[in-house]
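Use these hints to put chain Y onto chain D, whose structure you have.
Number of protein chains: 2
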Amino acid sequence: MATRIISASSLLRRLGSWRQATVGPAYQALAVGLRLLILDGRLPLAVRLPGERSLAKALGISRTTVSAAFAQLENDGFVQKHERSGALTALPSASSRGGALLTHDRESGVIDFATATMPAGPQVHAAYAKALAALPAYFPGHGYEPLGCREFREAVAERYRREGLATSCNHVMATHGAQNGLALLLRTFVRPLDRVLIDHPTYPNAIDAILAAGCRPLPVPLTPSGWDDEAIMAAMRGEAPRLAYIIADHHNPTGLVMQATTRQRLTTQATGSDTIIVYDETMRDLWLGNEPGFPKPQDAHHIVRLGSMSKSFWGGLRIGWIRAHPDLIKKLVEARASLDLGVPILEQLAAAELLLDDGGALDARRTLLRGRCDYLLGIVRDALPSWRAHRPEGGLSLWAELPRPIATGLGDKCGELGLHLAAGPRFGIGGAFERFIRLPFTLPGKEMARAVSILANVYRPDHSTGRPNYRNRSRDVADFY
Amino acid sequence: MATRIISASSLLRRLGSWRQATVGPAYQALAVGLRLLILDGRLPLAVRLPGERSLAKALGISRTTVSAAFAQLENDGFVQKHERSGALTALPSASSRGGALLTHDRESGVIDFATATMPAGPQVHAAYAKALAALPAYFPGHGYEPLGCREFREAVAERYRREGLATSCNHVMATHGAQNGLALLLRTFVRPLDRVLIDHPTYPNAIDAILAAGCRPLPVPLTPSGWDDEAIMAAMRGEAPRLAYIIADHHNPTGLVMQATTRQRLTTQATGSDTIIVYDETMRDLWLGNEPGFPKPQDAHHIVRLGSMSKSFWGGLRIGWIRAHPDLIKKLVEARASLDLGVPILEQLAAAELLLDDGGALDARRTLLRGRCDYLLGIVRDALPSWRAHRPEGGLSLWAELPRPIATGLGDKCGELGLHLAAGPRFGIGGAFERFIRLPFTLPGKEMARAVSILANVYRPDHSTGRPNYRNRSRDVADFY
Numbered sequence: 001m002a003t004r005i006i007s008a009s010s011l012l013r014r015l016g017s018w019r020q021a022t023v024g025p026a027y028q029a030l031a032v033g034l035r036l037l038i039l040d041g042r043l044p045l046a047v048r049l050p051g052e053r054s055l056a057k058a059l060g061i062s063r064t065t066v067s068a069a070f071a072q073l074e075n076d077g078f079v080q081k082h083e084r085s086g087a088l089t090a091l092p093s094a095s096s097r098g099g100a101l102l103t104h105d106r107e108s109g110v111i112d113f114a115t116a117t118m119p120a121g122p123q124v125h126a127a128y129a130k131a132l133a134a135l136p137a138y139f140p141g142h143g144y145e146p147l148g149c150r151e152f153r154e155a156v157a158e159r160y161r162r163e164g165l166a167t168s169c170n171h172v173m174a175t176h177g178a179q180n181g182l183a184l185l186l187r188t189f190v191r192p193l194d195r196v197l198i199d200h201p202t203y204p205n206a207i208d209a210i211l212a213a214g215c216r217p218l219p220v221p222l223t224p225s226g227w228d229d230e231a232i233m234a235a236m237r238g239e240a241p242r243l244a245y246i247i248a249d250h251h252n253p254t255g256l257v258m259q260a261t262t263r264q265r266l267t268t269q270a271t272g273s274d275t276i277i278v279y280d281e282t283m284r285d286l287w288l289g290n291e292p293g294f295p296k297p298q299d300a301h302h303i304v305r306l307g308s309m310s311k312s313f314w315g316g317l318r319i320g321w322i323r324a325h326p327d328l329i330k331k332l333v334e335a336r337a338s339l340d341l342g343v344p345i346l347e348q349l350a351a352a353e354l355l356l357d358d359g360g361a362l363d364a365r366r367t368l369l370r371g372r373c374d375y376l377l378g379i380v381r382d383a384l385p386s387w388r389a390h391r392p393e394g395g396l397s398l399w400a401e402l403p404r405p406i407a408t409g410l411g412d413k414c415g416e417l418g419l420h421l422a423a424g425p426r427f428g429i430g431g432a433f434e435r436f437i438r439l440p441f442t443l444p445g446k447e448m449a450r451a452v453s454i455l456a457n458v459y460r461p462d463h464s465t466g467r468p469n470y471r472n473r474s475r476d477v478a479d480f481y
Numbered sequence: 001m002a003t004r005i006i007s008a009s010s011l012l013r014r015l016g017s018w019r020q021a022t023v024g025p026a027y028q029a030l031a032v033g034l035r036l037l038i039l040d041g042r043l044p045l046a047v048r049l050p051g052e053r054s055l056a057k058a059l060g061i062s063r064t065t066v067s068a069a070f071a072q073l074e075n076d077g078f079v080q081k082h083e084r085s086g087a088l089t090a091l092p093s094a095s096s097r098g099g100a101l102l103t104h105d106r107e108s109g110v111i112d113f114a115t116a117t118m119p120a121g122p123q124v125h126a127a128y129a130k131a132l133a134a135l136p137a138y139f140p141g142h143g144y145e146p147l148g149c150r151e152f153r154e155a156v157a158e159r160y161r162r163e164g165l166a167t168s169c170n171h172v173m174a175t176h177g178a179q180n181g182l183a184l185l186l187r188t189f190v191r192p193l194d195r196v197l198i199d200h201p202t203y204p205n206a207i208d209a210i211l212a213a214g215c216r217p218l219p220v221p222l223t224p225s226g227w228d229d230e231a232i233m234a235a236m237r238g239e240a241p242r243l244a245y246i247i248a249d250h251h252n253p254t255g256l257v258m259q260a261t262t263r264q265r266l267t268t269q270a271t272g273s274d275t276i277i278v279y280d281e282t283m284r285d286l287w288l289g290n291e292p293g294f295p296k297p298q299d300a301h302h303i304v305r306l307g308s309m310s311k312s313f314w315g316g317l318r319i320g321w322i323r324a325h326p327d328l329i330k331k332l333v334e335a336r337a338s339l340d341l342g343v344p345i346l347e348q349l350a351a352a353e354l355l356l357d358d359g360g361a362l363d364a365r366r367t368l369l370r371g372r373c374d375y376l377l378g379i380v381r382d383a384l385p386s387w388r389a390h391r392p393e394g395g396l397s398l399w400a401e402l403p404r405p406i407a408t409g410l411g412d413k414c415g416e417l418g419l420h421l422a423a424g425p426r427f428g429i430g431g432a433f434e435r436f437i438r439l440p441f442t443l444p445g446k447e448m449a450r451a452v453s454i455l456a457n458v459y460r461p462d463h464s465t466g467r468p469n470y471r472n473r474s475r476d477v478a479d480f481y
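So the sequences go chain by chain: D and Y. For the first sequence, the residue numbers in the numbering used here are 1 to 481. For the second sequence, the residue numbers in the numbering used here are 1 to 481.
Next up, chain D with everything else stripped away, as it sits in the complex:
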């Protein structure tokens, strides 16, 4: 990817009269001026700054001053120097503030291979900056928006309309993420001891939410190729679940996508019954091949969709939504006050910005994930040839099958060595999936390589069918981040 460059004269224009902006030495004033441009998005990220000499000339100051300003910015994390591409604009990273924020905590040496999440792209900061400019309009109000603010609900509705599902903001309610949406659905529509149908395996926190609500999970096994229509219809008919929680698009952890025919049968089966079908669409944006032709979403009174910003954009943007028939939305809003009084307005405004125009964030994320997925698949196949892992249709992880049911023990041993794993049983109930491990491809290449190296060492050769020839490959590991 070619580096974007900003000329000295263009930078001069954006800087304005930087020298008068603050008191103190000139280099500090210049650093402050540049920092503000980066922070409010007038100077994009990863842009190459002019050379010190040409900038000094354009600004009519000494090169020493420019040099000192760049050093200050580099120290504060707003400039990163690269051997080939020069001084690039940046945002301070967690490591520069010494926090333990990275998924791979360098100080402790622990690698978190149990969580499948990604850092924020630069678009997130720009969206927050725009949101902050729009926020004051809300200050005279009380700030409670139990349904969510109109900008956000409109942006979500537009997203569904683009997919061909007629949606107004009356179909949409803001939540603190998809998990919070599920908790609210359970509180509103389900009673203790009710049955809740789930994919098996499924998202672990969803199982926890169902159990915490006092309900009985009704697991329907997934086959390697997807949903078993007959099994799911039989469970719907025979057990009359009050709610069905299904991850139809880039299923977590398997990456599968549900067929249009299965969706149709589910809708038909649920019509006239008491079952609410909840589709968790958290991973929907994260396809790994070409843009899929998702089946046009079906509308029906009892179909509910959960969305989230956290996997598509950033986990720190803690906001999601429920898309449902306005009758259901009304009941959800009434029930909400027993859990919380609403979602922060600023988060909603930032999310609305990203939903309406993500500035290429999703494309960039998918490209990155595609590369990391292929890379992880490659090193797993090399280092652990007896394991079976396929390229998923989407999502953030591989669902690797082991030759023997030893996932929990393997996870425990890796944990002692500083590698946190999500063993298969975490994704099921009753001790299922001891033959499986979820391997996220969200970490940089080097860290995935370290993780697989530890895995291969713990998973001794006597368990594997081939020699662990992993070491050769680890030498030319690319860092994908």
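In case anyone wonders, no lab produced these hints; they're calculated from the structure. For clarity, every value in this text was computed on a predicted model and none was experimentally measured. Misleading hints may appear alongside valid ones.
Because identical chains cannot be distinguished in the list, a pair is counted as satisfied if it fits within a single copy or across any two copies.
To be verified - Under the rule of at most 27 Å between Cα atoms (straight-line distance), these lysine-lysine pairs were calculated in the DSS-like manner: (1) Lys330 - Lys81; (2) Lys446 - Lys330; (3) Lys413 - Lys330; (4) Lys413 - Lys57; (5) Lys413 - Lys130; (6) Lys331 - Lys413; (7) Lys57 - Lys331; (8) Lys81 - Lys413; (9) Lys130 - Lys446; (10) Lys130 - Lys330; (11) Lys296 - Lys330; (12) Lys130 - Lys331; (13) Lys331 - Lys81; (14) Lys296 - Lys413.
Chain Y only, in chain D's frame:
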């Protein structure tokens, strides 16, 4: 209060080379430059701008250009013109964007006298701006902070240390507000059918949360002067509640403050028992007299405190905290994932800013509330002389006692006339408090006057003991906002 003034030369310095900053006509460039200064806090709010003539001279442009820029800013809500004090910097208000955000929705004519909340002060925007500058340090991380981020937890801990309660950030967990904190406590420590002791009356949403958790509320009546020690101790001993939810500081709705001796007896009584005592401190900052000498907070393993930013600062800052023994915090964090995955980082950073230095926001709020409380008391006593209302020690509302148990009917009739009321029974269980109405003093004077006028007209003279002499007073109503 004297208006702060900014000179033309000082403004010139802050503006920098505004003309080069954007393309388009000069007046627009100037408006953009000024708008940015206001938005990022370099130009404070309610500052008087220089006269058009002197600014034009200083900038070396025509007065027409300055005039057009000011007109643009006024139109966008960033400048407010006042007859005496000239053009003041401002932030756009909800009315300027036409939203239905005001507590008193001018379009519909409805007055919300059921909600006790306040608009945001200018410090809130400044805190968000600072938080936005600090946010990028979190971007490389996954953004999930189930416990809360360190800056926020440290700021809350410091707040308790100032009050004399030894607290580290290990005692603190971030929540989506106090109500969310209560929901999490109920989920973690209480089972269906457990008893939960409550003040009677109490905060309505707390009752809802307790019922939604399947628990049995155990109401202990408050007397007009406060808590009944014998009643509360008898309930603690005899009924062994699993949790006691108490609003000890500026009780909602009565405004009462719990005596130190009662707190001491509660702590002693609960020690060694299974009862967790939860103090909701949402209203603690909002005293109406001189700063009270709160009893030093007691520490004990089973005492939990709920805090919130929403009443002290703004309801749109949807964040609060739980302060508890680290053992309890650990259990709460484990249980959290069944409800949500954490609180937005930006909200936490903004809240930390305000907690550490509120820029006088709380003092200003208390002064405003003091005036509005006295004003409301005055017009209620004039218009409804048979009602009994006292000046509360703190909080946001009067708890008015009617001569007869007619609150629900009164509320219904007022509702038909566009005045939403919170009738007494909403604050209790089993139909109690039909003799009471909560009257918030959070609205501007004119709106409180309109509300009381409607109340007095509905509450007919045959119910009152005196003549409704309200009309005379309504002429010289002050607008307190």
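Verification of the supplied hints:
1. Lys330 - Lys81: Neither, since 53 Å and 42 Å both go past 27 Å.
2. Lys446 - Lys330: Neither way: Lys446 and Lys330 sit 48 Å apart in one copy and 33 Å across, limit 27 Å.
3. Lys413 - Lys330: Between copies only: 24 Å across chains, 49 Å inside a chain, cut-off 27 Å.
4. Lys413 - Lys57: Classified as neither; 60 Å inside a copy, 76 Å across copies.
5. Lys413 - Lys130: Classified as neither; 47 Å inside a copy, 44 Å across copies.
6. Lys331 - Lys413: between (47 Å within a copy, 25 Å between copies)
7. Lys57 - Lys331: Close neither inside one copy (66 Å) nor across copies (61 Å); limit 27 Å.
8. Lys81 - Lys413: neither (40 Å within a copy, 70 Å between copies)
9. Lys130 - Lys446: neither (35 Å within a copy, 34 Å between copies)
10. Lys130 - Lys330: neither (30 Å within a copy, 36 Å between copies)
11. Lys296 - Lys330: within (25 Å within a copy, 44 Å between copies)
12. Lys130 - Lys331: neither (32 Å within a copy, 38 Å between copies)
13. Lys331 - Lys81: Classified as neither; 54 Å inside a copy, 44 Å across copies.
14. Lys296 - Lys413: Neither way: Lys296 and Lys413 sit 45 Å apart in one copy and 48 Å across, limit 27 Å.
The structure fails to meet hints 1, 2, 4, 5, 7, 8, 9, 10, 12, 13, 14 from the earlier list, while all remaining hints are met.
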